[in-house]
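Once you have looked at the hints, place chain B on chain A.
There are 2 protein chains.
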Amino acid sequence: MAKAVLTPQAEDFPAWYQDVIARAELAESGPARGSMVIRPWGYAVWELMQADMDRRIKATGAQNVAFPMLIPMSFLEKEKQHVEGFSPELAVVTHGGGEELAEPLALRPTSETVINHYFAKWVQSHRDLPLALNLWNNVVRWELRPRLFLRTTEFLWQEGHTAHATYEDAVEETRRMLGVYRRFMEESLAISVVAGEKSPGERFAGADHTFTCEALMRDGKALQMGTSHNLGHNFARAFGIQYLDPAGERRHAATTSWGTSTRMIGGLIMVHGDDHGLRLPPAIAPHQVVVLQLDEDAEVAGSARRIEAELRGAGVRAHVDDRTHTSFGRRSVDWELKGVPVRIEVGAREVASGRATLVRRDDRSKSAVPLAGVAGAAAGLLAEIQQALLEQSRRFREEHTQPVTDFDEFAQRVGGGGLFLAAWSGAEESERVLGERTGATIRCIVDAEPPASTCLITGEPARHTVLIGRAY
Amino acid sequence: MAKAVLTPQAEDFPAWYQDVIARAELAESGPARGSMVIRPWGYAVWELMQADMDRRIKATGAQNVAFPMLIPMSFLEKEKQHVEGFSPELAVVTHGGGEELAEPLALRPTSETVINHYFAKWVQSHRDLPLALNLWNNVVRWELRPRLFLRTTEFLWQEGHTAHATYEDAVEETRRMLGVYRRFMEESLAISVVAGEKSPGERFAGADHTFTCEALMRDGKALQMGTSHNLGHNFARAFGIQYLDPAGERRHAATTSWGTSTRMIGGLIMVHGDDHGLRLPPAIAPHQVVVLQLDEDAEVAGSARRIEAELRGAGVRAHVDDRTHTSFGRRSVDWELKGVPVRIEVGAREVASGRATLVRRDDRSKSAVPLAGVAGAAAGLLAEIQQALLEQSRRFREEHTQPVTDFDEFAQRVGGGGLFLAAWSGAEESERVLGERTGATIRCIVDAEPPASTCLITGEPARHTVLIGRAY
Numbered sequence: 010m011a012k013a014v015l016t017p018q019a020e021d022f023p024a025w026y027q028d029v030i031a032r033a034e035l036a037e038s039g040p041a042r043g044s045m046v047i048r049p050w051g052y053a054v055w056e057l058m059q060a061d062m063d064r065r066i067k068a069t070g071a072q073n074v075a076f077p078m079l080i081p082m083s084f085l086e087k088e089k090q091h092v093e094g095f096s097p098e099l100a101v102v103t104h105g106g107g108e109e110l111a112e113p114l115a116l117r118p119t120s121e122t123v124i125n126h127y128f129a130k131w132v133q134s135h136r137d138l139p140l141a142l143n144l145w146n147n148v149v150r151w152e153l154r155p156r157l158f159l160r161t162t163e164f165l166w167q168e169g170h171t172a173h174a175t176y177e178d179a180v181e182e183t184r185r186m187l188g189v190y191r192r193f194m195e196e197s198l199a200i201s202v203v204a205g206e207k208s209p210g211e212r213f214a215g216a217d218h219t220f221t222c223e224a225l226m227r228d229g230k231a232l233q234m235g236t237s238h239n240l241g242h243n244f245a246r247a248f249g250i251q252y253l254d255p256a257g258e259r260r261h262a263a264t265t266s267w268g269t270s271t272r273m274i275g276g277l278i279m280v281h282g283d284d285h286g287l288r289l290p291p292a293i294a295p296h297q298v299v300v301l302q303l304d305e306d307a308e309v310a311g312s313a314r315r316i317e318a319e320l321r322g323a324g325v326r327a328h329v330d331d332r333t334h335t336s337f338g339r340r341s342v343d344w345e346l347k348g349v350p351v352r353i354e355v356g357a358r359e360v361a362s363g364r365a366t367l368v369r370r371d372d373r374s375k376s377a378v379p380l381a382g383v384a385g386a387a388a389g390l391l392a393e394i395q396q397a398l399l400e401q402s403r404r405f406r407e408e409h410t411q412p413v414t415d416f417d418e419f420a421q422r423v424g425g426g427g428l429f430l431a432a433w434s435g436a437e438e439s440e441r442v443l444g445e446r447t448g449a450t451i452r453c454i455v456d457a458e459p460p461a462s463t464c465l466i467t468g469e470p471a472r473h474t475v476l477i478g479r480a481y
Numbered sequence: 010m011a012k013a014v015l016t017p018q019a020e021d022f023p024a025w026y027q028d029v030i031a032r033a034e035l036a037e038s039g040p041a042r043g044s045m046v047i048r049p050w051g052y053a054v055w056e057l058m059q060a061d062m063d064r065r066i067k068a069t070g071a072q073n074v075a076f077p078m079l080i081p082m083s084f085l086e087k088e089k090q091h092v093e094g095f096s097p098e099l100a101v102v103t104h105g106g107g108e109e110l111a112e113p114l115a116l117r118p119t120s121e122t123v124i125n126h127y128f129a130k131w132v133q134s135h136r137d138l139p140l141a142l143n144l145w146n147n148v149v150r151w152e153l154r155p156r157l158f159l160r161t162t163e164f165l166w167q168e169g170h171t172a173h174a175t176y177e178d179a180v181e182e183t184r185r186m187l188g189v190y191r192r193f194m195e196e197s198l199a200i201s202v203v204a205g206e207k208s209p210g211e212r213f214a215g216a217d218h219t220f221t222c223e224a225l226m227r228d229g230k231a232l233q234m235g236t237s238h239n240l241g242h243n244f245a246r247a248f249g250i251q252y253l254d255p256a257g258e259r260r261h262a263a264t265t266s267w268g269t270s271t272r273m274i275g276g277l278i279m280v281h282g283d284d285h286g287l288r289l290p291p292a293i294a295p296h297q298v299v300v301l302q303l304d305e306d307a308e309v310a311g312s313a314r315r316i317e318a319e320l321r322g323a324g325v326r327a328h329v330d331d332r333t334h335t336s337f338g339r340r341s342v343d344w345e346l347k348g349v350p351v352r353i354e355v356g357a358r359e360v361a362s363g364r365a366t367l368v369r370r371d372d373r374s375k376s377a378v379p380l381a382g383v384a385g386a387a388a389g390l391l392a393e394i395q396q397a398l399l400e401q402s403r404r405f406r407e408e409h410t411q412p413v414t415d416f417d418e419f420a421q422r423v424g425g426g427g428l429f430l431a432a433w434s435g436a437e438e439s440e441r442v443l444g445e446r447t448g449a450t451i452r453c454i455v456d457a458e459p460p461a462s463t464c465l466i467t468g469e470p471a472r473h474t475v476l477i478g479r480a481y
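From first to last, the protein sequence lines are chains A and B.
Okay, so the first sequence: first residue is 10 according to this note's numbering, each after it adds one.
Okay, so the second sequence: first residue is 10 according to this note's numbering, each after it adds one.
Please keep in mind that the hints were generated in silico from the structure rather than gathered at the bench.
Careful: at least some of the hints might be erroneous.
Remember, identical chains collapse to one label, so a pair may be satisfied in a single copy or spanning two.
To be verified - Listed next, the in silico SDA-like pairs over lysine to any residue satisfying Cα-Cα at most 25 Å (straight line):
#, residue 1, residue 2
1, K87, R42
2, K89, Q27
3, K67, Q167
4, K67, G324
5, K130, E37
Chain A on its own, in the form it takes in the complex:
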């Protein structure tokens, strides 16, 4: 066995995270503070995530569009809470074409303001509703403590924006997209998430309600993986989005927005990765199967290519690694680091014996399989690996979620990581207390019914059961 190429997770999880990103060649830091270069392997994962999510988003009836990155400051100032929330994170263009601009332009931190401005132009009648648009683009939020994929000054994402005739329609849309996100994360990323509403302290600036999908990383910290916001009439009032209803009455539309970003790649790494590198769910693995050609030999090469052709014929993303000038050890470590779900090893010995070696990345198990059946066996493993990763993620989250009723006990245990289920009063002040005393936050409300016990933080009567944890 090759010796460890990564800092072990148990030794230093943040160092392990950096190591994986570097060694799997996923990304590296850009020249400007907090910026990121996404390298071919990382970007190929993102492209598969995009294609998958794009199909799901379009299936809800949303259409893709593009909006400008440069937003006049006056637009941002129209919705009071929104500008308060985003002002500290803005990057501002003050000069263009060699001259100082009359009005500075912000780089979009998110596009509600510019899109709701156009909604006001495009929405005139109830027949124009619902209107559902989605954007794949880059946004900028100034980041003082950047971390690749998790917090970068510029990141790639999709942001959806919709307008509806009624508040109830907006509620339904917000929930629908939360469901789309949850299913994508579970079915494609194999990440078990808890979906629920955010507490007021964690709400999107300008939203009536924010919903989230929360996942648990292997170091015990939570990660917000995607959010869906019911903006109610806030932006419709600020931007004047009005329509004539069937009775000829002028009414304000209700709007929503929802987004997921390259941050999910950070989650993917920290949920599935182990001390040998990344473990990619087959659904979003750029190569689902790598055929490692061990020897520079025509018969071996032919055998590898036949396996690749058979896999591709079965719709599997297969790749032959024929870099026989590089050592077997280096190459197998490389594909382990990159998280390729299945590896098939074929050399002169395998051709002679008629059996190839099949290696699963998820449990690192190896088996000898007849050459004639190895492509079929590999293809058959993919659904099993996808399911196994989701199951591990679910089991890990469940095993690291515990109910708590005593604050002091909670404060002692929270440092060990994991998620905590607790009763909460709903008082906004209590969120500040929680954060200051434990470094933890309410990740989401998991039950709208008042729980039996009193509030973990204040001891007041409780209104909700909430999930609490330290988070990225």
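Frame of chain A, contents of chain B only:
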């Protein structure tokens, strides 16, 4: 017949162009000067262009990546000609996170500087070459005379960047990508182009050689549709891209870059559009066939859906327009404006007679076709329409390309539009004279062999035959 909904091309071509973009709901101006909102129909065309081009680019071996939008000014200043060329067009971020930045950051006008900086890190050995990366992103070039799709301050594009062991490899790559672009434009956009080298006055800032695909719009003006640059050793020297060759010698790599943008959509409009709107080539039409359901009737609806299903089964992008509350006239004009290649009209009368009406967008011909065979007939027309549009584009360009040998005669005729073939000395000063006296530019060099006649502009001995015209 509905009366004209667009300014006729012959009356005012720029007004016609604006009208088509507005009425076909392709795009509109953004809030900041020169910015653009791309609406669902325009963006769907762009997505099909992207997917098509992406396949072609990946087939050459290039891999997609993402690089940051924010580039330190010091990076741009490393290649002297590059910074001179782009400085007047830069947008500059001076503030981030509420503070003034120590070093201002430019919004990328193009990514050579940041990519070649990373090439210097990633390229160490001849084994690392060639390295071919492609980016789909947004860039900003400050635009004083913006025009939707043609000149916008922010635009969407792909930019490819490659590094090679030898200058000859870079030459070959530059030519290869020019060919990829030409074939995409002809095969998918159905736009006949002239591919050739740019004169020094039109070269990319920092390139040794720039190659271009030039198309002729229906108003007689040329449009540069895509460019491929051989950057030689210029950026490799500026950024220190060096590798060890097989003999252990340290050498500079040679680099290239190549790009195409949403500007091509402007070309698509102006090459194929007519007084009734857009005419989309089937290869990039979001709906290739629209089935117009004329009556609110179960049997008619059933018939329309069966036709749609049959078309989709044959791999055709089909769409049923069932908005029977909107008039037939309004809906047929709408799909004409949007340029849908084939329309099938099915109402109660058609169901009773067993014959639907089939309408081609390219020549606006109509025919009555048995209902049972109409899907097959529509599908069969698509390749024919694709070819017909390319042929018309080629014929128009050829008919409006004329040889000239006398400058005064040329100066008189150039106002009428079209392209001119002329002998040219190669003297840089002559390009300035040409521009100042006629408003025209050398679009590209079409023949490397010295022509028989003397230079059109200077009367000196000629070195090249060039294509000249006024351009967007």
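We went through each hint and held it up to the structure:
| no. | hint | verdict |
| --- | --- | --- |
| 1 | K87 x R42 | between (29 Å within a copy, 19 Å between copies) |
| 2 | K89 x Q27 | neither (38 Å within a copy, 36 Å between copies) |
| 3 | K67 x Q167 | both (12 Å within a copy, 23 Å between copies) |
| 4 | K67 x G324 | both (23 Å within a copy, 18 Å between copies) |
| 5 | K130 x E37 | between (41 Å within a copy, 11 Å between copies) |
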